[in-house]
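Given next are the chains, with one letter for each unit.
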Amino acid sequence: MKKILSYLPGILLIVVLAIAGKLLANWLQAVIAVAWVRSLASNVIIAILGGMLIGNLIPLPGFFAPGITSYEFFLKVGIVLMGARFLITDVARLGGIGLAIVVVEILFSIAFVSLFARLFKLPEKLGSLLSVGVGICGVSAIIGAAGSIEPKKEETGYAIAVILVFGAVALVAYPLLGRLMGMSDKAFGVWAGLAVDNTAEAVATGAIYSKAALAYTTLAKLCRNALMGFVILGFAIYYSRRGLAKEVEHKGLFLWQKFPKFVLGFLALSVLFSVLFALLKTPEARAYFTSRTTALKNLSEWAFQLTFIGVGLRTSFRDMARTGLSPLIVGVAAEAGVALFTLGMVFAVEGLLPTL
Amino acid sequence: MRAMKNKITLDWWTVIVAFAIVALVLTGALSSIPW
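Sequence order for the protein chains is C and W. Position 299 of the first sequence, counting from 1, maps to 299 under our numbering, and the rest follow consecutively. Position 21 of the second sequence, counting from 1, maps to 21 under our numbering, and the rest follow consecutively.
Hints were generated in silico from the structure; no laboratory data involved. Don't take each hint at face value.
Stated by the list, open to error - Reference excerpt, derived from the structure (chain C facing chain W, CB under 10 Å, subset only): (1) F74; (2) L75; (3) K261.
Just so it is clear, CB atoms sit at the ideal spot from N, CA and C, and this is done for glycine as well.
Starting from the given sequences, assemble the full structure and let the hints guide the process.
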């Protein structure tokens with residue numbers, strides 16, 4: 001109970017800032033006449049920028065900290081709720097192609113990052129953590145892998161810092177590049193889901209581009225998250241065979257433990273709503289049902305809004321400046337390589353991807 | 001190990017909370033969401 005109470009101040013702060021950000025965005029949308037300036041004043045950008053400004057300029061008391069880190073909870077609730085919007089047949093079609101692309105992306109990332117880590121003589125386990133972070137899903141994959149391959153504590157901290165630095169860069173760079181290249185919502189959304197490491201930042205990057213892009217980003221990102229267990233298991237076996245980490249006793253159980261359960265929730269909701277939609281045939285039932293789906297969509301957007309405030313608050317420029325140079329160089333090379341590689345893949349398969 | 005256990009529980013909690021919200025919305029308990 002005491003633990004739950006310790007989360008309250010930070011959660012309240014996030015909720016208040018999210019509502020204030022939304023009100024400010026609504027007002028700006030109404031008063032700004034120039035279209036491109038108006039598009040910069042979206043509630044997503046205001047939430048992230050506002051969070052960054054407050055987090056970096058105002059010294060927040062320590063009791064806010066636990067609640068601020070809880071945004072990952074809202075992120076996952078928001079993703080599960082998004083499941084209601086997708087027909088399971090669409091999820092299967094996009095997910096099938098998505099998983100195939102993601103397998104290639106993960107193999108490329110691991111090979112590419114390991115190569116650079118070796119060139120710059122980073123400790124081997126730090127290289128592995130970075131490749132897991134870049135290949136799959138950022139911070140949660142690094143923490144998951146750290147439990148299995150037993151790196152030094154500061155190596156884990158380093159790898160997480162690098163992923164967070166590039167998450168912040170991605171928020172600005174990807175939407176700009178996407179607009180410059182005139183990418184479609186579909187292509188950009190899938191690209192952001194494949195190339196941005198951390199789930200929160202990936203979702204935010206998609207949302208900054210457009211609401212339509214956000215749907216593709218989420219699905220592509222979930223494909224990566226779903227494969228997390230397999231990659232971590234691979235690394236765990238690799239290190240335990242060489243006597244550098246403890247052995248994995250029960251591989252099936254290991255995979256289940258590492259499988260992100262919110263992905264199951266997302267799929268279950270998508271199945272439920274697809275079945276309901278197929279069963280309900282009368283116009284009244286359809287209308288009621290559509291209004292419920294819209295309500296869920298709004299709630300999921302609010303959950304994301306809380307996430308974006310949290311992402312902004314957590315992005316500390318001071319911590320970024322403290323990250324060492326050589327992991328950063330490896331990070332730059334890795335991120336740029338993965339960004340280009342995934343961009344090529346997205347353009348190659350864009351025609352095959354179903355429209356949501 | 002303990003951290004991992006917490007993580008699993010938290011992940012499941014997100015699913016439980018989301019489904020509770022869905023139940024509320026479907027039954028009309030959260031009938032009008034103003035935003």
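Structure-based check of all given hints:
1. F74: With a minimum Cβ separation of about 9 Å from chain W (threshold 10 Å), the hint on C/F74 holds.
2. L75: 8 Å, holds
3. K261: C/K261 check passes; min Cβ-Cβ to chain W is 4 Å, inside 10 Å.
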